[in-house]
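**Student:** Could you put the whole structure together from the sequences, leaning on the hints where they help?
Following the UniProt record's numbering, the numbering of the sequence shown begins with 1 at its first residue and continues without gaps.
These are computed hints drawn from the structure, not numbers from a lab. Mixed in with the good hints, there may be bad ones.
[Claimed, not checked] PhoX-like cross-link-like pairs, simulated, lysine-lysine; straight-line CA separation at most 20 Å:
(1) LYS13 <-> LYS101
(2) LYS180 <-> LYS104
(3) LYS4 <-> LYS104
(4) LYS180 <-> LYS269
(5) LYS268 <-> LYS283
(6) LYS268 <-> LYS180
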Amino acid sequence: MLKKSLYDDVIIKPENLPQSYFANQTRLAREQGYGDIEISAAMREQAQEVIIADQRSTLDNWIEYFTSPDSNSYPIWAKYWVFTGMLQLSTFDKEKHAFGKRDKNTVAPFPDLNREALSYVIDAIVKKVNKKNIPAQADNPELQTLLQGANFGKLYVWAIEKVTPAQESELTKTDGEWVKYNQGSDHRLLVESLQGHGTGWCTVGEETAKNQLQNGDFYVYYSYDQNGQPTIPRIAIRMQGQNIGEVRGIAAQQNLDPYIAQSDILDKKLKEFGQEGVSYQKKSADMKRLTEIDHKTKRGEDLSTGDLRFLYEFGSKIQGFGYQKDPRINEIVQNRNIKADTSRITGFSEDEISLTLNEALKGGIKYH
1 MLKKSLYDDV IIKPENLPQS YFANQTRLAR EQGYGDIEIS AAMREQAQEV
51 IIADQRSTLD NWIEYFTSPD SNSYPIWAKY WVFTGMLQLS TFDKEKHAFG
101 KRDKNTVAPF PDLNREALSY VIDAIVKKVN KKNIPAQADN PELQTLLQGA
151 NFGKLYVWAI EKVTPAQESE LTKTDGEWVK YNQGSDHRLL VESLQGHGTG
201 WCTVGEETAK NQLQNGDFYV YYSYDQNGQP TIPRIAIRMQ GQNIGEVRGI
251 AAQQNLDPYI AQSDILDKKL KEFGQEGVSY QKKSADMKRL TEIDHKTKRG
301 EDLSTGDLRF LYEFGSKIQG FGYQKDPRIN EIVQNRNIKA DTSRITGFSE
351 DEISLTLNEA LKGGIKYH
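**Tutor:** Rendered as structure tokens:
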């Protein structure tokens, strides 16, 4: 009954799913080279089901924890303070070090439940209310300020970043193990291994994890924790059938963290996929480069000679994840002076460059 009432109050309604969500999906598809896709009614309905299911499962994590014996040591008022504060939080932005604010149009799941961070926050707020000494507060003006405001979201961020894994000392250790979750296997094992680690991966949502495992295998690289157990997720490789769908890390924007990026852990793993691994790296790099050039063009910035060589496919063809040539290439090129660009690339004058057969037949042409 409690869950049903909460679902009605805080889970997004299908009619409130913002158009901006689908616009973002269209943009992401375009940046991966799929072109301008059209969001069908069936795709909208499926997205609604996944978003709602993920919000329910992540909300359930908090409900079940606070109604379990594991949280009996916390005062009822502290649980209420945490829970009502958590309901106001959206996505955690690792660059801004803050949670976004949740409203009726928020599509993100509820915050990850990090029990260690939560314990620290509740302990601190209970001591503050009871006017007891907080050891960590004396030497930490930031914590003093946060406790004065008693804002759960800000205190939770502080605890996640300052107190809990993955601390910097743990991230410097990159030794670990790859774990493969087979296509069609129990998605809950994957979800449970990610909860509480603040990866930022959408796979922490049960419905998303279920869908992803229906479409292919899923690999996670876990580094060893302080007890020598592979529990800290660092890299995810999602398969789409026999193809690599995406690679994600735990840094901002789901990039690889600097310690993993400096290692050869991902490169070694991708080599195991043979030509598919090589192809993925090429496609991923090409799509990032083309997106950068597209953004430069829209901002009216000059393109470098290297950008032009890439855009006009000197040396190698641009590869994307779609079945057709990325439409952004022609969109950018058709608004440029092709002869002037080719002159910069080749070093020949515009008079020595031909774009048509008739021009080439006139003579004096050094590049066609």
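**Student:** Next step is simple, just say for each hint if it's right about the structure.
**Tutor:** Taking the hints in turn, this is what the structure says about them:
no., hint, result
1, LYS13 <-> LYS101, "holds, 17 Å"
2, LYS180 <-> LYS104, "violated, 37 Å"
3, LYS4 <-> LYS104, "holds, 17 Å"
4, LYS180 <-> LYS269, "holds, 12 Å"
5, LYS268 <-> LYS283, "holds, 18 Å"
6, LYS268 <-> LYS180, "holds, 15 Å"
Going through the hint list in order, the structure does not satisfy hint 2, though it satisfies all others.
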